[in-house]
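These protein sequence lines are chains X and V, in that order.
What the first sequence shows, in our numbering, is residues 1 to 334, in sequence order.
What the second sequence shows, in our numbering, is residues 1001 to 1341, in sequence order.
Just so you know, the hints here were simulated from the structure itself, not pulled from any lab data.
Worth double-checking, as some hints may not be accurate.
[What the hints assert, rightly or not] A short list of chain X residues far from chain V (calculated; beta carbon distances all over 12 Å):
no., residue
1, Tyr38
2, Leu177
3, Phe183
4, Asn285
5, Ser295
[To be verified] Calculated lysine to aspartate or glutamate pairs in the EDC-like style (CA-CA distance at most 20 Å, straight line):
no., chain 1, residue 1, chain 2, residue 2
6, X, Lys114, V, Asp1334
7, V, Lys1312, X, Asp210
8, X, Lys43, X, Asp33
9, X, Lys43, X, Glu165
10, X, Lys114, X, Asp210
11, X, Lys43, X, Asp159
[Said to hold, decoys possible] Examples of chain V residues lying across from chain X (beta carbon under 7 Å, computed):
no., residue
12, Gln1055
13, Gly1152
14, Arg1225
15, Leu1265
16, Val1272
17, Asp1308
18, Phe1311
19, Asn1313
20, Val1314
21, Ala1325
Keep in mind the model is a prediction, meaning the values are calculated, not measured.
Cβ atoms here follow ideal geometry from the backbone N, Cα and C, with glycine treated the same way.
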Amino acid sequence: MTWRPRLAEGTAPVLVVLLLLLVGLAIAGPAYDGPAGYLALLKRAAPLMILAIGQYFVIVSGGFDLSVGALVTAGVVIAARLIDGSESATTWVILVVLGFGLLVGLVNGLVTTKLLVPSFIVTLGMLLVLDGATFLWTGGAPRGALSTGFRTFGRGALDVPVLGEVPWSVLILLAILVAAALFMRSGTGRALVAVGDNDAAVRLSGGQVDRLRLLAFVLSGLLAAIAAILFGGFAGVSAQVGEGLEFRAITAVVLGGVLLGGGRGSVVAAAAGALSLEALFTLLNLLGVSGALESAVQGVIIIAAVAYAALGGGLRQRLRLWPKHRNSVQPVSS
Amino acid sequence: MSTLQENISPARQSAVRPAVRRRFTPVVIVYLALVTLLVVGSVLVGLRGEVLLDQAGILNILTRATALGVVAVGQTMVILTGSLDLSVAYLIGLTSLLAAETMAGRESMVLPGVLLALAVAAGVGLVNGLIITVLRANAFIATLGVALILRGYLENTYTGPAGDVPRGFQHLGYDRIGPVPVAALLMLAVVALAWWYLTRTRPGYHIYAVGGDTEVARLSGVPTRRVVITAHVLCSVAAGLTGIYLASRLGSGAPYVGTDAGYDLESIAAVVLGGTLLAGGRGGVVGTLGGVLILATLDTIFDDLEVDPFFKNVVRGVVLVTAVALYARRMMADRARRRFT
C-alpha cells in the first residue's frame, strides 16, 4: 500500500497554486523574504477569507449568497453612523453589526427554505434591499466615523509570545478557520455537504434539510458581519467597501475546488482559494501589471480553475503516476 | 407501486380541470400585476395632480423598457436552457464603443459599425457557450469569468466615452410615432421574433428540452451542446443590439453604460419576474416582456412621485422575491393537487 496524504477532494490543486504564488512573491518582492511580509499578506486577505468561509457553507449546501457584499457595506455604514466617533459605543455597536448579519442570514435562509425561492433570487433581492436601505438611511453618503477601538480589529495587532506582533484579524481568521474545519468534521457539517449533494436522500434519511440550509445562510451572514468589522477597520468608511465582494468570495470558493451546486469541497480549500486570490493580486501588483488588467486575469483564472475541476477527472487519470487501488469501481466518464 | 399511481393520477386530473390550472399561469399573473401597478400608479400620481400615462409617461416607460427588454429576451433564451449570462452588462458597454468608434461620425460607416458590434457580440456568446459546453464550466462562473475579462479590457483601453455616432443614426434612439418610440417597436419585434423561435420552431423546442432535463434531451437525440451554444450566441447578440441602441441614444459609446444600469442582474431579475424558472425549461419571452414593463413602470412611477432613488432598489428587491415566492407556491400547489386529489 502506498501512503498518500489524506486531503479532501479538490484541495490539492489550490494548495499547489497557493504555494507557487507564494514562491513567486518571494522572488518578485523584497518584502517577502521574511515572515513579516507574509503576515501582512495574511492580514490583508483575512476579511476575504472569512467571507469565503461563509460563502462556502452556502455553496456546499447547494445555494448562492449574493448579498454578502451589500451586507459588508451595510455593516460598515451602520457601524460608522451609530458609533459616530464615540469610543464608549464600540462594544454594543459591534454586537448590533453581528446581530444584523445574523438577521440578514436568517431572512435569506427563511425565504429560501420556507417560500421555496431559489437562493440566487433571494440573495439578489436582499442585495437590492440592503443597497437601497443602507443609503436611504444615511441619505446618500456614509456619515459618522468609526472609533479607534472598532478599528483595532482590522488594523491593530496583539503581542503574542514567541510570534511577536500578530494582527488581530489574523487571530480572528485562525479561530474561525479552526472552528469551521472542526464543524465540517462534525455530523452537522457532513450533513450540510450531503444536502448539497442530494437533499432528497438527506430528507428521506431523516435529516433536517431546511434547518441545515437555514444554518448555512445564518453562518454566512454572521461571517459577513465579522468581515465587515475587519474591512471597516482596515479600509475605513466608504460606500464602495463591499462592492463586488460577493463575486470575489464566490470566485475564491470555486478556486478552492468547491463545486458550485454543492456537495463537494472543503472549507480549508475555500479559505486557501481566497488567500490565493489575494496573493495573486499582490503578485500582479509587484510585477507592475496594471490594475485594470487585474480583473481580466481573475476572469481567466476562475474559468481555468472550474474547467480543470470539471475535466480534472480525466486529466488526473491521465496524469496519475500510480494507479489507485482503493476504488474497485471506475467512475463512469460522461 | 407509488410511481405507478403518480403516473396515472395526473393524466386523469388534467382531464378534469385543465382550465383552472391554465387560468393563472405566471404570464397571466405578470400582466395582471402590471395592470394593477398601472392603476395604483395612476391613482398615486393623480393625487399629486399629475398624469402617469400621458404622452411623456408612456414615452418614459417604453424608453426604459427598450434597452432592458432586448437584453432580457436574450437572457430568457439562456435561462430557459438552464444556463445564465452574467457577461451581458460589460458586453453592452463594449459593443456600444465598437459601434460608435467604427462609425466615427460618418454616415457611410453605420452599417459596418453595427455589423462589427454584432459580430463581436456573437463571438463573445460563442466563447461563453464553448466554455460551458466543452470545458464544462458552470455557467455562473464561465460568464462571470468572461465578464471579468471584458471588464479588464474595457478598463485598460478606455477611460470614458469614445467614438461618435452620426446624426442620421441617432434617429434610431429618438424617433417616435406619437408617444411610441420606434426603438420600442423594434424591441417588440425582437420579442415577437423570439416568441416565434421558441414556440414555433424545432431549435426553440430544443431549448425547452435542454432546460427541462439535459440528459433526457441528449438521449432523445437533441444536440444539447449546440442548443446551449446557440442560446448563448443569441443572448450575446441581443446584448449587442442593446449596446448599439444605447450608443445611438448617447451619441457615443460608453464603457460602463451596461454596468451602471446593472443590466446583468437586472435582466435576470426581469426574466424571473416574468415567470421563467431560473433552473430552466419553463417560461418564455412574453412573461419576460411583462417583467420588463413592470420594472420600467415602477421606475417611472417613482420618478413621478419623486421618491428617493435608493428606495427603488428596496422595492425592486421585495417585488422580485415576492413574485418568485408566488410562482413557487403556485407550482407546489399544482404539484400537490396533481398528487393528492
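These are the hints, each one checked on the structure:
1. Every beta carbon of chain V lies more than 12 Å from that of Tyr38 of chain X, the smallest distance being close to 26 Å; the non-interface claim holds.
2. With a least beta-carbon separation of about 24 Å from chain V, Leu177 of chain X lies farther than 12 Å from that chain, consistent with its non-interface assignment.
3. At the 12 Å boundary, the C-beta of Phe183 of chain X stays outside the reach of chain V, the nearest C-beta of that chain being 25 Å off.
4. Under the 12 Å C-beta cut-off, the non-interface status given to Asn285 of chain X relative to chain V holds; the minimum distance is some 15 Å.
5. Not every CB of chain V lies more than 12 Å from the CB of Ser295 of chain X, the least distance being 4 Å, so the non-interface label is violated.
6. Of the pairs offered as hints, the one joining Lys114 of chain X and Asp1334 of chain V holds, with about 17 Å between alpha carbons and a cut-off of 20 Å not exceeded.
7. Using a Cα cut-off of 20 Å, the hinted pair Lys1312 of chain V and Asp210 of chain X is violated, with the two alpha carbons roughly 31 Å apart.
8. Straight-line distance between C-alpha atoms of Lys43 of chain X and Asp33 of chain X comes to about 17 Å, which keeps the hinted pair within the 20 Å bound.
9. At roughly 12 Å between alpha-carbon atoms, Lys43 of chain X and Glu165 of chain X fall within 20 Å of each other, so this suggested pair holds.
10. Annotation: proposed proximity of Lys114 of chain X to Asp210 of chain X holds, straight-line Cα distance about 8 Å (limit 20 Å).
11. As the CA atoms of Lys43 of chain X and Asp159 of chain X are separated by approximately 15 Å, the hinted pair is consistent with the 20 Å bound.
12. Hint status for Gln1055 of chain V relative to chain X: violated, with the closest Cβ pair at about 30 Å, above 7 Å.
13. With 7 Å as the threshold, the beta carbon of Gly1152 of chain V comes within range of chain X, its nearest partner Cβ sitting at about 2 Å, so the hint holds.
14. At its closest, the beta carbon of Arg1225 of chain V sits 13 Å from a beta carbon of chain X; the interface hint therefore is violated under the 7 Å criterion.
15. A hinted interface residue such as Leu1265 of chain V counts as satisfied when its beta carbon comes closer than 7 Å to some beta carbon of chain X; here the least separation is about 6 Å, so the hint holds.
16. At a threshold of 7 Å, the smallest CB-CB gap from Val1272 of chain V to chain X is about 6 Å, leaving the interface hint in force.
17. Taking 7 Å as the C-beta contact cut-off toward chain X, the hint placing Asp1308 of chain V at the interface holds, the least distance being around 6 Å.
18. Contact between Phe1311 of chain V and chain X, as hinted, is supported at the beta carbon level, the nearest pair being about 6 Å apart and thus within 7 Å.
19. About 3 Å separates the beta-carbon of Asn1313 of chain V from the nearest beta-carbon of chain X, less than 7 Å, and the hint is met.
20. Because the beta carbon of Val1314 of chain V sits about 4 Å from the nearest beta carbon in chain X, less than 7 Å, this interface hint is met.
21. Taking 7 Å as the C-beta contact cut-off toward chain X, the hint placing Ala1325 of chain V at the interface holds, the least distance being around 4 Å.
Checked against the numbered hints above, the structure breaks hints 5, 7, 12, 14 and satisfies the rest.
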